[in-house]
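Those protein sequence lines, which keep their order, are chains X and F. Mapping of the first sequence onto the working numbering: position 121 corresponds to residue 121, and the numbering continues sequentially without gaps. Heads up: take any position in the second sequence, counting from 1, add 179, and you land on the working numbering.
In case anyone wonders, no lab produced these hints; they're calculated from the structure. Treat the numbers as computed from the prediction; the structure is a model and nothing was measured. There's no promise every hint is true.
Said to hold, decoys possible - On the chain F side, residues computed to face chain X include the following (Cβ under 7 Å): (1) 246; (2) 280; (3) 288; (4) 314.
Stated by the list, open to error - Keeping only pairs whose Cα atoms sit at most 30 Å apart, straight-line, the calculated DSSO-like set for lysine-lysine is: (5) 177/X - 233/F; (6) 349/F - 240/F; (7) 349/F - 54/X; (8) 309/F - 207/F; (9) 194/F - 332/F; (10) 240/F - 85/X.
Even glycine gets a Cβ: it sits at the ideal position worked out from N, Cα and C.
These are the residues of each chain, in order.
There are 2 protein chains.
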Amino acid sequence: MEVFEAIMSRRSVRKFKAEPIPDDFIEKILEAGRWAPTGGNLQHWKFIIVKDPKILDMIRKVSPGYLGATPFAIVVCSDRERAYKIGGKLARDYLCIADCSMAAENMLLAAHALGLGACPVKSFSPVALKEFLEIPNGIEPELIVIIGYSDKKPSRPPRFPLEEITYINKYGEKWLKEK
Amino acid sequence: MEVFEAIMSRRSVRKFKAEPIPDDFIEKILEAGRWAPTGGNLQHWKFIIVKDPKILDMIRKVSPGYLGATPFAIVVCSDRERAYKIGGKLARDYLCIADCSMAAENMLLAAHALGLGACPVKSFSPVALKEFLEIPNGIEPELIVIIGYSDKKPSRPPRFPLEEITYINKYGEKWLKEK
């Protein structure tokens, strides 16, 4: 799938079929995440694939944003302790979030290009997730990417038009595209 | 460009040609950013295109991470005040960063697919940037995406192999792909 098409046609999916996802697809999605940029190339991330239906169910119960049942999910974690040691506070408190988010966006695009539906989830209990997945101190679950075959194609959500959100050279100065 | 190819072959570019970028390309890059997902579809972002060479120069002077001279940059800002009003602390302190990062990643992929080079920059003085670009209180510059024609194709940076960063069902449990 062409990259602009993927970006424009990707939707957050919240209804899924139970059908399992082949490991080849999972690998491609993880690879896409792995090639996102990271500040200073620190790559302070760990990806936990969850396929065990019992654990998925436990995660869903503590994640109000996890809508629909998916055959798997990827919990994108950051190594905040390592980030702090190498890059200080900016790395720990900001780049960990920013870099894991870019990795998650790549995963969403990859899933979509493979004909799957996906949704990024932040609304979860990090304490419960850490317990269920035995995540040690210093490692933080940043985002869950839930993935499955879409059961319903979501409609195009409204977006602010570009002219409302884009300025030129200073805040508030409307951008008029040159013809 | 195919989406996996774009994701895998994108590099952070830090040497640029002075050649200007047509507004059609700028619009496509902004569109790509605008279609990133946002928590609750809040879209609490504003994109400031900077094309004025004097302002670009001022920004470079307060941004150690802004390497190379580009004919333009996009300052991805979040409306943290609005985010807080609608979505509370999680939206203001986390989703603003996560969502703007996903938009930035889309912009990086779009720029690459258009044959341009780009780099995300976080290492800048937000205080100075707010002054130069007249960014009001409540709005935060999150990331700068610097963009131009690449003058030097960067080499492939090292990445941790997937088996070192991927676990299954719990932290520390190595994932062995099914054949």
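Now the hints, each set against the structure:
Of the supplied interface hints, the one on residue 246/F is violated, with its beta-carbon coming no nearer than about 13 Å to a beta-carbon of chain X, more than 7 Å. The interface hint given for residue 280/F is met, as the beta carbon of that residue sits about 4 Å from the closest beta carbon of chain X, less than 7 Å. Annotation: residue 288/F was flagged as interfacial toward chain X, and the flag holds, the nearest CB pair being 6 Å apart, inside 7 Å. Checking residue 314/F against chain X by beta carbon gives a least distance of about 5 Å; that is within 7 Å, so the hint holds.
Between residue 177/X and residue 233/F the alpha-carbon distance is near 20 Å, which keeps this suggested pair within the 30 Å criterion. A threshold of 30 Å between alpha carbons decides the hint, and for residue 349/F with residue 240/F the separation of about 45 Å lies outside it, so the pair is violated. Between the alpha carbons of residue 349/F and residue 54/X the distance comes to roughly 12 Å, so the proposed pair stays at or under 30 Å and holds. Proximity of residue 309/F to residue 207/F is assessed by CA-CA distance (about 25 Å); at most 30 Å being required, the pair is judged to hold.
Annotation: proposed proximity of residue 194/F to residue 332/F holds, straight-line Cα distance about 8 Å (limit 30 Å). For the hint pairing residue 240/F with residue 85/X, the CA-to-CA distance comes to about 27 Å; that is within 30 Å, so the pair holds.
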